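Number of protein chains: 2
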Amino acid sequence: MTIGRRPELSELFEPKSVAVVGASNRPGKVGTSLFRNLLQGGFQGVAYPVNRAWHSVSGVRCYPDVASLPEAPELGVVIVPAAGVADVVEELGKAGTRGVVIISSGFREVGEAGAELEAEVVRRAARYGMSLVGPNCFGVFNTDPAVGLNATFSETLPPRGNIAFVSQSGALGAGILQYGIAERVGFSRFVSVGNRAGVDENDLLVALGRDPATRVILLYVESLADGRRFLETARDVTESKPVLVIKSGRTAAGERAAKSHTGSLAQSGRDQLYDALFAQAGVQRVDTLGELFRYAKIFSTGLSMAGPRLVILTNSGGPGIVAADAAVRHGLELPVLPAALRASLASRLPTIAAVANPLDMTADIGADSYREILASLLGAVDVDGALVISTPTGTMTASDVARSILEAKATSAKPIVACLFGLSDLSREVAFLEENGIPTYPFPEEAVGGLGSLARYHAWRTRPRTSVRTFPVDRPAADAAIARARTAGTTILPEYAARSLLAAYGIAFPPVETARSLDEALAAADRVGYPVVLKVASPEVSHKTDVGGVALGIADPPALRAAWERMQRSLRSAAPRARIEGFEVEFQIPTGKEVIVGVQRDPNFGPVVVFGMGGIYVEVLRDVTFRLAPLRTLSAEHMVESVRAFPLLQGVRGEPPSDLAALAEVIERVSQLAVELPEVVELDLNPLIVRAQGLGAVAVDARVVLGPPSRSAPTASAPR
Amino acid sequence: MTIGRRPELSELFEPKSVAVVGASNRPGKVGTSLFRNLLQGGFQGVAYPVNRAWHSVSGVRCYPDVASLPEAPELGVVIVPAAGVADVVEELGKAGTRGVVIISSGFREVGEAGAELEAEVVRRAARYGMSLVGPNCFGVFNTDPAVGLNATFSETLPPRGNIAFVSQSGALGAGILQYGIAERVGFSRFVSVGNRAGVDENDLLVALGRDPATRVILLYVESLADGRRFLETARDVTESKPVLVIKSGRTAAGERAAKSHTGSLAQSGRDQLYDALFAQAGVQRVDTLGELFRYAKIFSTGLSMAGPRLVILTNSGGPGIVAADAAVRHGLELPVLPAALRASLASRLPTIAAVANPLDMTADIGADSYREILASLLGAVDVDGALVISTPTGTMTASDVARSILEAKATSAKPIVACLFGLSDLSREVAFLEENGIPTYPFPEEAVGGLGSLARYHAWRTRPRTSVRTFPVDRPAADAAIARARTAGTTILPEYAARSLLAAYGIAFPPVETARSLDEALAAADRVGYPVVLKVASPEVSHKTDVGGVALGIADPPALRAAWERMQRSLRSAAPRARIEGFEVEFQIPTGKEVIVGVQRDPNFGPVVVFGMGGIYVEVLRDVTFRLAPLRTLSAEHMVESVRAFPLLQGVRGEPPSDLAALAEVIERVSQLAVELPEVVELDLNPLIVRAQGLGAVAVDARVVLGPPSRSAPTASAPR
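Respectively, the protein sequence lines represent chains X and E.
Residue numbers for the first sequence follow our numbering, so the first one is 1070 and each next one is one higher.
Residue numbers for the second sequence follow our numbering, so the first one is 1070 and each next one is one higher.
Keep in mind the hints are simulated off the structure, nothing from the lab.
Any given hint could be a false lead.
[Claimed, not checked] Pairwise CB distance ranges (calculated):
no.: 1; chain 1: E; residue 1: Asp1548; chain 2: X; residue 2: Arg1638; range: 53 to 59 Å
no.: 2; chain 1: E; residue 1: Lys1085; chain 2: X; residue 2: Pro1228; range: 51 to 57 Å
no.: 3; chain 1: E; residue 1: Ala1251; chain 2: X; residue 2: Thr1464; range: 21 to 27 Å
no.: 4; chain 1: E; residue 1: Gly1622; chain 2: X; residue 2: Pro1778; range: 45 to 51 Å
no.: 5; chain 1: X; residue 1: Val1721; chain 2: E; residue 2: Arg1641; range: 22 to 28 Å
Predicted model only: the values in this text are computed from it and were never measured.
Glycine residues also receive a C-beta, built at the ideal position from the N, C-alpha and C atoms.
Kindly produce the complete structure, drawing on both the sequences and the hints.
So this is what it looks like as structure tokens:
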């Protein structure tokens, strides 16, 4: 973003005057529909058509060029062919225009020549400090009647509302706005960012976060302009407004061929990185356009759900059961109602009613029961929200039910959603409820999904706040380990160097000594204590197990002797040309759980911390989780809890629970290392042995890879 | 089903005359709306109102009782209060009526007294061999204009179509029919089965399977009337018609407290049993009502998709990417287009078009390109179906696009679905496409979901057919093992007895001997060979590990001596009162993968085979799969492949692949045992060691539990 621009981007959203350069009268032209839409959309400022070819456009006096305009337009909308866009931007800039929306295509999306044109456009806009939207985009609108800006091809806009939408696909934007019209979902602002040469989703998050007319922000993105900045910005915006995102291209990345083992983790985990980023930023990721809208609808009401405890009120069993299943799928709970409440409810309902949760009042009740029973349920302390289902019976009309539900709503601030089944068209009743703050969905599952999204957002806003811990570390020792490797001209640190680097950051290792002969090894084993592990030390062997370079569980001297000889033979055949620096003799940690903690660097996301259960779980079952560094204590804990194999760490079949606090601390220390030592491009503690509660965690093997000496690795900026 | 009734249930669906007992003129009464609906719904037979209180109903001569009717009605619809229903059924039966639909409620759903009334109604209907629908139901309809039967409360019916719907919830049925009206989805027949006292989903599957007007069958069930019969019936019906089911109550069962270890598996796996049943029957289970309809819609066109290979054609990138993600989620593939085809397509498209899959033609193309390019894509041998997406541009109209797509359809029998985004209302274009056999969905994800469902059904119909193998077994030895246990008065077989039972069914065990003293154990170990496993043998110790009754990896005599003493001490403290029959000394299988194969019996499903990877995977990670016995070779293979940890059996990190054929055979043998020996109510091979390919599988521990002697366990009938 150019310095000096206001973060609200008022030049885009609230211009007092707009010049449409390329406006036209020819039917079917974008310049024709766009200018007409602007004019007919209730624009409260002045709209100027600019086109040498016309005297007037849509009945408005047309100007041959920007210089001829009677005033400097605050916003320029440009529809001329790509080759002429840079000059138009220049003219606008000279005139003093502060924002420009470039609809024209023919830029980066068509190849090299277009990319050059685009770069030139960006340079011109930057020269004049202009906000630039596009090129190759669908436009911008603002439904605020005090502005009334429709600078898109879309003739009709959805109703005014408080949902803002930012789309990297113009077509999807257009399609979705139509859906908004059909479903009567109201929007505040819309921006199609197109090629995203200037304003990107991060700028718009900031602007929409400050926009009082916007209550919920939807994003459709195919990539993020800057992952780090997104994390920072979105974390801030989600403190006050929910952000929902569709990040498409979920699966394409998974198909890329993987090169090295750790590389393959990174590749197949590409989409998981986005999951991690969104989780850390408090952004809700959804998979389908349908979900995006259903969730946005409930947020647009301003309702809040203070916990996951849902009560389902119905006059028919089936839909209640369907809703209960969906509630569990969406992370909600169905609390058991207190006995006193149940007794009180039972006294007011038919004897055959199932006074439970879901509460089936049966088809015998009248519309009034909805008010009465719903008010009682909402009054219960252990209920956070309600789903009300009504199916047609002879005892009441849908409009009576709608009124009755609304009366109950007056007694409580807890969210209510409704699902009305009918034998005739219920659109009037649905509209009545929705206008009164009760979102209504055609199916109970969808209603429950909306509430689930509300509850997740509330949990995010009220999460325990932890900070990024900074541990005292021995930075000179760490720097020395790196410097030695640089001097030796290597990028993969020898194991002892990796250990000293990690030890400087407070990671514990078992006692170890290096031996060059069997006699030295036997003496070393006596000192570190049996059982021992024997490992080859060679800068040229990166996966030791694959060449028979690791022997575990050596119980006594004869076993060490046998293992030594086996390893020599194996290395001679499997890695005959590797330069061997010696053999490490290490005390073998008796019992604990093997986990992997690592660091990778991503060009867009910077340092990423990886965690998973060791061995099979990470390598075969891909049971692994990511977070962007630096991470907070809470994130470290969430990482550990989010792998499927987490129960193994809690202790099963009589085993003691593992030292989860020590594990979280190792993750935090590794995160600190990743941030402070940008030269480390890859790091693996594999395995780290997590011992029983109170006994700590000890790394057994460490792999550290440095970037090329010349390279200055990216540093992390967004705290977590 | 009563013998002599026709499986088509024509008395319910095609009656020539219907008596509505309880028909009325009073507004708001079910008897009023139901008779009026019948009359106004275009019924082609004769409708008779029966009610002592009225001279005429809706202008039709009313009769005081069934006996006064001028002819025996083929179908009776009963709406009188519960207490009078049995007598009405009696009257109808006497008159010769063959089918009765009981709308009235007040039966089993209201408690004990109601259940008695219901039983009486069932007895009377059975006495006259009548088909009985309900009680407590919403009715039946048939949209065939030659019948025109609307015996429901619903005033309007959805359009005529070929989707049949059977619902255990009347309310959901009613609600969903309304959805069908709104979305113009056509139905053939509908039955609300209510309390399911007579006709159940199995009878209806048979009838609808034979109904030429029905092309796809939807079920909403909360439970199955008879799991075994459902498997048999549905397997048969799905050979020719797709069956889609919502089985609700997915999550409630998971909350039940679990008692024993195997019991807890069965409990938390309750819903997985339904998954297994539906998978074996070829029934597609869906989670939401929305999915149910979207899938039904595409099946109703009669389209078939001969494989999973989808091509996506679009004029805009974003929706194509969204669709590609969804395709992978729904199990479809996006084949790479052959180079020659790509070259040919590229020559007919703008240079900036992305000629890949998804194929983005860009916004510059005209409507004709849809016909041209789509026809070429459908002509490719490695494409099984197409999704076409169109977004608005200045170069074409939606109606031109729709026509163009339809022209391409004429060139191929492969399925096409469409997703049209527009800047104005496209309902005319959508209707045009749908009337011409191109299902259209508002969002690309939904369109792709529909195709995924088509492809799954085709895969089911064309699956390799395997049979249930019957292995030669030593039945007398198996019977003898059971008889010995009966004589000893025990239901948990001692380990040696369990082994001899399983060995009789061809399950291999490692050599083992029983010892009563340490000296005997040492001698036995010499014979079976080191390393050995030492295990306590006691009928009173069912989980040996928990009491220190198992010692593994005993390498030599001193180790055996130490293990023996440790075990004695442990048993004295952990199981002081257990009667110990001896100690088993067993050769320890050197290497292999630990799996669990077991049998449980379910009151509704009969014998169920369980499979999972041993230890943690089953017990903690719940990575387990079920199938109903008897099962075919293909099912056994699918079981093995469907656990998450399956890659471990394929061989990872240089390990050899496991003997999958031997494992499948063990599963099949256990299945045979479960079917042939109904007295075995529970069986666990835990672990079974699956060795490397070609080396077989060996059981290490076996647990067999018999039912009480008096009990005759259910036998399996449905082959798989």
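Here is how each hint holds up against the structure:
1. Asp1548/E to Arg1638/X: 53 to 59 Å: holds, 55 Å
2. Lys1085/E to Pro1228/X: 51 to 57 Å: Since the Cβ atoms of Lys1085/E and Pro1228/X sit about 53 Å apart, the hinted range of 51 to 57 Å holds.
3. Ala1251/E to Thr1464/X: 21 to 27 Å: Once the Cβ atoms are compared, 24 Å apart, the range 21 to 27 Å for Thr1464/X and Ala1251/E holds.
4. Gly1622/E to Pro1778/X: 45 to 51 Å: holds, 50 Å
5. Val1721/X to Arg1641/E: 22 to 28 Å: Between Val1721/X and Arg1641/E, where Cβ atoms are some 26 Å apart, the hint holds.
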